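Trainee: Listed below are the residues making up each chain.
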Amino acid sequence: MTAILSAHGIDVGINKKIIVHNLSLDIPEGKITAIIGPNGCGKSTTLKAVSRIWPLEKGSITFKGKDIRSFSHREFAQCMAILTQSPQAPTDLTVQDLVEMGRFPHRGFLGRGDKDDAKHVEWALEQTNMADMRHRLLHTLSGGERQRAWIAMALAQRPQVLLLDEPTTYLDICHQLEVMQLLVKLNRELGLTVVMVIHELNHAIQYADYVAVIKAGRLVTCGEPKEILTSKLLAEVFKVQADEFACSNGLRALVPVDLCK
Amino acid sequence: MANKELDAAAEHFGINRTAWRLSILILFLFLALLGSFLSLTKGSSVITMEQIVEILLHPGSDPQSQIIWNIRMPRTIVGALVGINLSLSGAILQAIMRNPLADPHIIGISSGAGLAGVVIMILFPALEYLITPVAFVGAMLAAVCIYILAWKNGIKPVRIILAGVAVSAFLSAGISGLMIFYSDRVHGALMWMVGGLAARSWPHVNIILPYAAIGLVLALGSAAYLNILQLGDEMARGLGINVEVTRIVMTAIAALLAASAVSVVGLLGFVGLVVPHAARLLIGSDYRFLLPAAALLGIAIVTFSDTFARVIFAPIELPVGIIMAFLGAPFFLFLLRREI
Chain A
1 MTAILSAHGI
11 DVGINKKIIV
21 HNLSLDIPEG
31 KITAIIGPNG
41 CGKSTTLKAV
51 SRIWPLEKGS
61 ITFKGKDIRS
71 FSHREFAQCM
81 AILTQSPQAP
91 TDLTVQDLVE
101 MGRFPHRGFL
111 GRGDKDDAKH
121 VEWALEQTNM
131 ADMRHRLLHT
141 LSGGERQRAW
151 IAMALAQRPQ
161 VLLLDEPTTY
171 LDICHQLEVM
181 QLLVKLNREL
191 GLTVVMVIHE
201 LNHAIQYADY
211 VAVIKAGRLV
221 TCGEPKEILT
231 SKLLAEVFKV
241 QADEFACSNG
251 LRALVPVDLC
261 K
Chain B
1 MANKELDAAA
11 EHFGINRTAW
21 RLSILILFLF
31 LALLGSFLSL
41 TKGSSVITME
51 QIVEILLHPG
61 SDPQSQIIWN
71 IRMPRTIVGA
81 LVGINLSLSG
91 AILQAIMRNP
101 LADPHIIGIS
111 SGAGLAGVVI
121 MILFPALEYL
131 ITPVAFVGAM
141 LAAVCIYILA
151 WKNGIKPVRI
161 ILAGVAVSAF
171 LSAGISGLMI
181 FYSDRVHGAL
191 MWMVGGLAAR
201 SWPHVNIILP
211 YAAIGLVLAL
221 GSAAYLNILQ
231 LGDEMARGLG
241 INVEVTRIVM
251 TAIAALLAAS
261 AVSVVGLLGF
271 VGLVVPHAAR
281 LLIGSDYRFL
291 LPAAALLGIA
301 IVTFSDTFAR
311 VIFAPIELPV
321 GIIMAFLGAP
331 FFLFLLRREI
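Chains as they are written, first to last, in the working numbering: chain A, 1 to 261; chain B, 1 to 340.
If we strip away everything but chain A, and leave its shape as in the complex, we get (with noise of 0.2 Å):
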């Protein structure tokens, strides 16, 4: 595997809090990485330190072998682009108001953008189904619809990675399947990597490719979902007791039953 992202013995913390300590992890380069683990455990942490929202307190992180703190705001903007939890957004935006936001760091100090502009905006509203929404108000959208305009924002951005924090929270059950089904499209069609922080381990069975498990601000393990992703390692992380049964489709899923004893 290639690495895309890498982690070199990180520390990141807030306010000399250190939350996540020591972590090494390769993202590998176009697929989809779910991050998981208990909250409060640093998952979050570690997607802003890689970001760049958040500083490193030690360790480096690399972007395909460059450090990233050697990127202009601007220039990693381009190369990467973050979902946070829950975005604000003014109440009279547009979907399209909103993507063509995504096109700020390719624009010109005053807001210019180049002749390109509009298609980029026109493929991320068309790679997201919301071309025919537009013009609704974003605070009109549902749940579902309303991420989808949040992805067609990054994807506005045209990154080679797209990071998610929690992007199915809030959402019910179809709408979260809906905005998981999106996300694989975008990185099957366009070999976007994407990494995402899930609380939902069943998701990362099915839709993920690598996953990383973090507790305590620690790693504990990563690989393919299939592989680490058992009713041993609950118990260990989550401290939940759960019973394993097989998908129509082959893959494991997960349904926890008890707290451990």
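I should point out that these hints are in silico values taken from the structure, not numbers from a laboratory. Keep in mind the model is a prediction, meaning the values are calculated, not measured. Any given hint might turn out to be false.
Listed next, the in silico DSS-like pairs over lysine-lysine satisfying Cα-Cα at most 27 Å (straight line) [claimed, not checked]: (1) Lys16(A) to Lys261(A); (2) Lys215(A) to Lys17(A); (3) Lys58(A) to Lys17(A); (4) Lys31(A) to Lys215(A); (5) Lys16(A) to Lys156(B); (6) Lys17(A) to Lys31(A); (7) Lys58(A) to Lys156(B); (8) Lys64(A) to Lys185(A); (9) Lys261(A) to Lys232(A); (10) Lys261(A) to Lys226(A); (11) Lys232(A) to Lys31(A); (12) Lys185(A) to Lys119(A); (13) Lys152(B) to Lys17(A); (14) Lys226(A) to Lys58(A); (15) Lys58(A) to Lys152(B); (16) Lys239(A) to Lys215(A); (17) Lys42(B) to Lys17(A); (18) Lys42(B) to Lys16(A).
To be clear about the criterion: a stretch of chain B counts as covered by chain A if any three or more of its residues have a C-beta under 8 Å from a C-beta of chain A, and this derived list gives those stretches [to be verified]: (19) 191-203; (20) 222-228; (21) 282-291.
Note that the Cβ used here is the ideal one computed from N, Cα and C, for glycine as well.
Go by the hints and put chain B onto chain A.
Mentor: Then chain B, alone, in the frame of chain A:
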């Protein structure tokens, strides 16, 4: 088929929105011009519209020409520039603090200029000609002080707002104390605290003009940044903005705009808070439209209010700040109720 229709309807809506925004801008431009012109026509000596047009086209040396060119014209220009500066300052601060209550007051501009102005007026009345530069320095010192106090691994809007409240309370205590100890000299200070355009002339225009021009250009140039900042710090960083640096630079621009205005006319509190909101309610939160709209509406509100302040109890002249709050606050509440 259904999709096509939806698309057509949506397209229609899209065109309408741009047309709406442009018509609001044109309306505000018209109001700004009308306000400025009215402000030239009204005053204690009666000069007719025809005479004014004549004087504007062919300046002479007769007394009426002198009144227009040396009294009313500079006053109108100061009013317009103050309107621009305070409105832009408020609009910028509301974006970078992501707080609807943000205005030049919260970064200490008013209390800093207020205390400096009151100290001059009450303790050193002989130095009254220095009031503008001293108030400017006071405003900027207060802003810098709040910034330093709020700094802790970068700037969080909430910390600036709270530090601003604390520093303003501290300085306001100084203002109140001075006014109580020297209650015999309070009149001039009171006028200063309310803000007014009386006797503002060409030297004041020269003070405020460079800040207004530079601030206007910088503010309009940063509209795209302000738009992105409305998505929150983390998304803004993800889109390639250096949030800390942008916030410092934009706060500095807002501080200069407001300090130059306040140092010339006193503490006009109302414009910086309400004009950006009124403009936003009508034109939306896209800063590429909102900033010019706020600037134009600022001109209109200040010039209209000043004209009103001069004529309503003529020959007694009210400070424009009183009129603005009296007329503006109900109008703003009307807009607010209609919107929600």
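Trainee: Each of the hints needs a verdict: does it hold here or not?
Mentor: The hints, checked one at a time:
1. Lys16(A) to Lys261(A): violated, 35 Å
2. Lys215(A) to Lys17(A): Between Lys215(A) and Lys17(A) the Cα gap is close to 16 Å, so the pair holds against 27 Å.
3. Lys58(A) to Lys17(A): holds, 13 Å
4. Lys31(A) to Lys215(A): Distance ~23 Å between Lys31(A) and Lys215(A) Cα, so the pair holds.
5. Lys16(A) to Lys156(B): Cα-Cα ~17 Å, so holds.
6. Lys17(A) to Lys31(A): It is violated: about 32 Å lies between the C-alpha atoms, which goes past 27 Å.
7. Lys58(A) to Lys156(B): holds, 24 Å
8. Lys64(A) to Lys185(A): holds, 23 Å
9. Lys261(A) to Lys232(A): holds, 14 Å
10. Lys261(A) to Lys226(A): Holds, at about 26 Å.
11. Lys232(A) to Lys31(A): holds, 25 Å
12. Lys185(A) to Lys119(A): holds, 20 Å
13. Lys152(B) to Lys17(A): holds, 15 Å
14. Lys226(A) to Lys58(A): Roughly 32 Å separates the two Cα atoms, so the pair is violated.
15. Lys58(A) to Lys152(B): holds, 20 Å
16. Lys239(A) to Lys215(A): holds, 11 Å
17. Lys42(B) to Lys17(A): This hinted pair is violated, its Cα atoms lying about 65 Å apart.
18. Lys42(B) to Lys16(A): violated, 63 Å
19. 191-203: violated (count 0)
20. 222-228: It holds: at least three residues are needed, and the region 222-228 of chain B offers 4 whose Cβ sits within less than 8 Å of chain A.
21. 282-291: holds (count 4)
Violated hints, listed in ascending order, are 1, 6, 14, 17, 18, 19; each of the other numbered hints is respected by the structure.
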